[in-house]
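With the hints as a guide, bring both chains together as one complex.
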Amino acid sequence: GESVGLHLPTLSVQEGDNSIINCAYSNSASDYFIWYKQESGKGPQFIIDIRSNMDKRQGQRVTVLLNKTVKHLSLQIAATQPGDSAVYFCAETSNQGGKLIFGQGTELSVKP
Amino acid sequence: DTAVSQTPKYLVTQMGNDKSIKCEQNLGHDTMYWYKQDSKKFLKIMFSYNNKELIINETVPNRFSPKSPDKAHLNLHINSLELGDSAVYFCASSPEREGYNEQFFGPGTRLTVL
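Listed in order, the protein sequences are those of chains A and B.
Going by my numbering, the residue at position 62 of the first sequence is 63; the numbering climbs one at a time, nothing skipped.
Going by my numbering, the residue at position 20 of the second sequence is 25; the numbering climbs one at a time, nothing skipped.
This is chain B alone, in the form it adopts within the complex (with noise of 0.2 Å):
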């Protein structure tokens, strides 16, 4: 059974849309991340949700919004979407917060903008 699920996989629209891509984990996790990974493999945290709580927002532009409903899912919403949002968005989770354990990685969403 998949432990961090993502959808879509593959996304290309227009420059100035809006589009959300959704996750789930079913590890019974507390905390949820997404990661940006840009052409060059460099993988950089966005944000982080600990039951539903935001508590780690990296300097992200606000057309970037995550919402989390539940602590199983954190969903990541962009509006009028750039060349340069271009990338593959990855979300995971972990037991916590803190402490000495390992983030689970979701499959990715490669996001085209075009």
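Okay, chain A solo, but in the shape it has when bound (with noise of 0.2 Å):
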């Protein structure tokens, strides 16, 4: 059915500057987690994951950081551009059942 609450989170961000984008995530057995690029009429597009044994991974202009502790992942994107300005997504699931469960997304608005 249709997702109900808030309207979809947004992060506005001037061109050049850092933007962190945070996701709680729901299941304490989830070992495997990604972030999604979803671009206006586009699909989603993978960006970078990381796995339960690490708790930071760094990709080009993009870091994930995952605290067990508490559920929760960041997406931490440098020098924030106007091509970075997409619905972001994180997406957990564990090692043993392969099902993708996604968080309710994040708007970011870069203004040039």
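Keep in mind that the hints were calculated from the coordinates and are not lab data.
Since we're looking at a predicted model, the values are computed, not measured.
One thing to keep in mind: the hints can contain errors.
One side only, chain B facing chain A, incomplete, derived with CB under 8 Å [stated by the list, open to error]:
1) I61
2) F95
3) G111
4) P112
Below, in silico cross-link-like pairs of lysine to aspartate or glutamate (EDC-like), each with a Cα-Cα straight-line distance of 16 Å or less [said to hold, decoys possible]:
5) K69(A) with D56(A)
6) K100(A) with E101(B)
7) K100(A) with E63(B)
8) K100(A) with D35(B)
9) K57(B) with D35(B)
10) K45(B) with E40(A)
11) K43(A) with D43(B)
12) K112(A) with E16(A)
13) K45(B) with E108(A)
14) K100(A) with E107(B)
15) K49(B) with E63(B)
16) K46(B) with E40(A)
17) K46(B) with E108(A)
18) K38(A) with E107(B)
19) K43(A) with D85(A)
Note that the Cβ used here is the ideal one computed from N, Cα and C, for glycine as well.
See below:
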């Protein structure tokens, strides 16, 4: 059915600033986490992943932090660019199940 | 080359009609999925197939019937369309059904039921 509740969270940043997008995941048994980027009119696109045996992973301009104690995930984007404007989703799964559960999503808007 | 493709990209139809959405992946993956994204961007899995076998069916009305003629294709047929079926439907694929592997998404099909 439809999701209920609040509108999509939004984050507005100035071009060149760093962005931090947060996500609370639901299942303490989840051991694999992925961040996806969805641009307008397109499907979600993989950005970076992290396994539960790590608490930090870095990619090109992106860093994912995992805090299993409080079930919290964050995505940091360095030197945010207009092309980073999109909706960002965290997703969780376990090595046993394969089912990917998506978080609510955060809309990032980059002002030039 | 497109990795995961869907047709059509847009589908506008009347309530009560039956329609199909097609999905193909050329990645050689074993597992394919259908997701529904509502107007608030909430993305939820509907079905998953592994090598033509149904492995996930998430309490979706039986008006929705996935069909996988081979492991590169997963089509979604919807009978007796309702207003609440309006959404964007995404197909995805992954190398395996379990384990640490990402899912690759298609461009989506925007279904509008009038």
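Verification of the hints:
{"no.": "1", "hint": "I61", "verdict": "6 Å, holds"}
{"no.": "2", "hint": "F95", "verdict": "5 Å, holds"}
{"no.": "3", "hint": "G111", "verdict": "5 Å, holds"}
{"no.": "4", "hint": "P112", "verdict": "5 Å, holds"}
{"no.": "5", "hint": "K69(A) with D56(A)", "verdict": "8 Å, holds"}
{"no.": "6", "hint": "K100(A) with E101(B)", "verdict": "11 Å, holds"}
{"no.": "7", "hint": "K100(A) with E63(B)", "verdict": "10 Å, holds"}
{"no.": "8", "hint": "K100(A) with D35(B)", "verdict": "15 Å, holds"}
{"no.": "9", "hint": "K57(B) with D35(B)", "verdict": "8 Å, holds"}
{"no.": "10", "hint": "K45(B) with E40(A)", "verdict": "14 Å, holds"}
{"no.": "11", "hint": "K43(A) with D43(B)", "verdict": "14 Å, holds"}
{"no.": "12", "hint": "K112(A) with E16(A)", "verdict": "6 Å, holds"}
{"no.": "13", "hint": "K45(B) with E108(A)", "verdict": "11 Å, holds"}
{"no.": "14", "hint": "K100(A) with E107(B)", "verdict": "11 Å, holds"}
{"no.": "15", "hint": "K49(B) with E63(B)", "verdict": "9 Å, holds"}
{"no.": "16", "hint": "K46(B) with E40(A)", "verdict": "12 Å, holds"}
{"no.": "17", "hint": "K46(B) with E108(A)", "verdict": "10 Å, holds"}
{"no.": "18", "hint": "K38(A) with E107(B)", "verdict": "13 Å, holds"}
{"no.": "19", "hint": "K43(A) with D85(A)", "verdict": "14 Å, holds"}
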